[in-house]
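Colleague: From just these sequences and the hints, can you work out the full model?
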Amino acid sequence: MPPIRTRFAPSPTGFLHIGGARTALFSWLYARSLGGAFVLRIEDTDTARGSQESVDMLIRDLKWLGLDWDEGPAADGHASIGPLGPYFQSQRLEIYAGYLELLKSKNLAYPTFESKAEVEAEKEAAIKEGRTPAYVGHEASPAEMAEKTAQGLKPAWRFRVPEDGVTEFEDLVHGKTRFENKLMSDFVIVRSDGVPTYNFAAAVDDSLMGITHVIRGDDHLSNTPRQICLYRALDLVMPAFAHIPMILGPDKQRLSKRHGATAVGEYETQGFLPEALVNYLALLGWSFDDKTTLFSIEELVSKFSLERVGKHAAVFDTVKLEWMNGQYLKKAPVERVAELAKPHFERAGFLIDDPAWFLRLIKSVQEKARTLAALPLECAFFFSESVSLSPEAKEKFFAAGHPAWLEALASQLDAAAFDESSLEVLVRAFAEAQGIKFKDLVGVLRAALSGQTVTPGLFETMALLGKPRCVARLKAALEWKND
RNA sequence: GGCGCCAUGGACUAAUUGGUUAUGUCGUCGCCCUCUCAAGGCGAAGAUUACGGGUUCGAUCCCCGUUGGCGCUACCA
3 MPPIRTRFAP
13 SPTGFLHIGG
23 ARTALFSWLY
33 ARSLGGAFVL
43 RIEDTDTARG
53 SQESVDMLIR
63 DLKWLGLDWD
73 EGPAADGHAS
83 IGPLGPYFQS
93 QRLEIYAGYL
103 ELLKSKNLAY
113 PTFESKAEVE
123 AEKEAAIKEG
133 RTPAYVGHEA
143 SPAEMAEKTA
153 QGLKPAWRFR
163 VPEDGVTEFE
173 DLVHGKTRFE
183 NKLMSDFVIV
193 RSDGVPTYNF
203 AAAVDDSLMG
213 ITHVIRGDDH
223 LSNTPRQICL
233 YRALDLVMPA
243 FAHIPMILGP
253 DKQRLSKRHG
263 ATAVGEYETQ
273 GFLPEALVNY
283 LALLGWSFDD
293 KTTLFSIEEL
303 VSKFSLERVG
313 KHAAVFDTVK
323 LEWMNGQYLK
333 KAPVERVAEL
343 AKPHFERAGF
353 LIDDPAWFLR
363 LIKSVQEKAR
373 TLAALPLECA
383 FFFSESVSLS
393 PEAKEKFFAA
403 GHPAWLEALA
413 SQLDAAAFDE
423 SSLEVLVRAF
433 AEAQGIKFKD
443 LVGVLRAALS
453 GQTVTPGLFE
463 TMALLGKPRC
473 VARLKAALEW
483 KND
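Counting in this note's numbering, the first sequence runs from 3 upward without gaps.
Don't take every hint at face value.
As the list claims (entries may be wrong) - Beta-carbon label-pair distances, calculated as ranges: (1) Trp359 x Ser307: 45 to 51 angstroms; (2) Asp70 x Glu131: 49 to 55 angstroms; (3) Gln329 x Val303: 36 to 42 angstroms; (4) Val239 x Leu155: 33 to 39 angstroms; (5) Gln153 x Asp58: 39 to 45 angstroms; (6) Arg133 x Asp70: 47 to 53 angstroms; (7) Asp70 x Asp237: 44 to 50 angstroms; (8) Ala148 x Gly312: 41 to 47 angstroms.
No wet-lab data here; the hints were simulated from the structure.
Note that beta-carbon positions come from the ideal geometry of N, C-alpha and C, so glycine has one too.
Modeller: Now the structure itself:
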């Protein structure tokens, strides 16, 4: 059996989308699981929408996810690496032109000068009259060609789809799928500006690049017979196809911006770990068994198979992703979490001048964290000069009347050792001596020190804050009025 | 309009060749743990497997139909 070769072929029209990332992941996993090669090809034939910035973002996001390619664009986003390049369709125009000539020589492609509006009008009319809207273009006669060309016009080229018969193929996830040729229009393969369309360029490239398995979203299922007709017409070797289900928003509509974050890059800036996103995405449309939920990348590679890919679309659930991210955050080494969290704190305006202290801070919040981006907000009181009292904390603070003993506690703390266990011993003893419930005392102290009702463990928090700030904050809290 | 694909609790899903009290995870709720919140542990609720017909001793599973969703029907990909 020849080695497996899969590809991811995005068009660079923006950031890497969650759906695209999942498609790339499945292709990558399939190749890696079978020791094959993964190819990245940039489908930049839509010059109006594509951009170099998009290519750069794509490369960045793919790398962040850990999806590496054996052939495709170099790290700089310009050069191509691999023997079957270039891997940018915009640089392969002469190749497509050659295949167009081949089609022309077989009388399987013909020129047309119709406008888009004319084509649409024809289709509308066909639907209205109850005719099959399969469209046969108006083929320009040699005379029309000469005349229009003389006027400086250039034709678009349509592919002559077989008039009858069926095109069927064995899809690796959907099984046997068949389409009647007579229902297919003669589609445009080369636009009047000389640039090939998706179906033409993709078919030519997949074959020329030796792709053995085309894994893509099932929105392409209906495009497949067109491409198969092209492979046959051009005598090109055909890959196997696996159409994976789409990812939907909560309203079951195609995932889009109004559903919130859809760009992979946004998940990075929101503080998701790439392995968590990968794990979550892998489970959208694929499962290993009825029990396993958490998979390392290595496990995914060893366990992935197309046979276990499902057929129906899946709704993207941010809440479950967050849970999963929390699982990974909890298990990750503190050093790594701290390093990844640092930019989030800096973006919030919190400078980290003591790395060792910061590590302790992260350690105190790591277990409960769901995303890195949520951390600075929760930890803000560690960085601010004074405390801003939340209404809930205020209520807690005054719950047992004005805590008059606060001053006494402050002076005891002023003389105390400031490690967690000493602090706990001191506070517990103080509570007992004052006849206050430990629980209540903790609540008051938490409010006084942080202005919040939720913080890391009180003694961790105190040790992290340090003696001077703790004492100062307790004294400041004495001035609080219960109004 | 035509063609295609799909259909298991709110979400993601499992169910060896048709035979299970229909699996697990997220979420929800409760209890435990506990200085708060999480995390963790335990437990519960939630599914006439979209609907209607078949085939069969027996259908989540096979067949047909209906409905619904999505996709394609572009000189987008």
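Colleague: None of the hints should be skipped; say for each whether it holds.
Modeller: Cross-check of the supplied hints:
{"no.": "1", "hint": "Trp359 x Ser307: 45 to 51 angstroms", "result": "holds, 47 angstroms"}
{"no.": "2", "hint": "Asp70 x Glu131: 49 to 55 angstroms", "result": "holds, 54 angstroms"}
{"no.": "3", "hint": "Gln329 x Val303: 36 to 42 angstroms", "result": "violated, 19 angstroms"}
{"no.": "4", "hint": "Val239 x Leu155: 33 to 39 angstroms", "result": "holds, 36 angstroms"}
{"no.": "5", "hint": "Gln153 x Asp58: 39 to 45 angstroms", "result": "holds, 41 angstroms"}
{"no.": "6", "hint": "Arg133 x Asp70: 47 to 53 angstroms", "result": "holds, 51 angstroms"}
{"no.": "7", "hint": "Asp70 x Asp237: 44 to 50 angstroms", "result": "violated, 33 angstroms"}
{"no.": "8", "hint": "Ala148 x Gly312: 41 to 47 angstroms", "result": "violated, 55 angstroms"}
Of the numbered hints given earlier, the model fails hints 3, 7, 8; all others are met.
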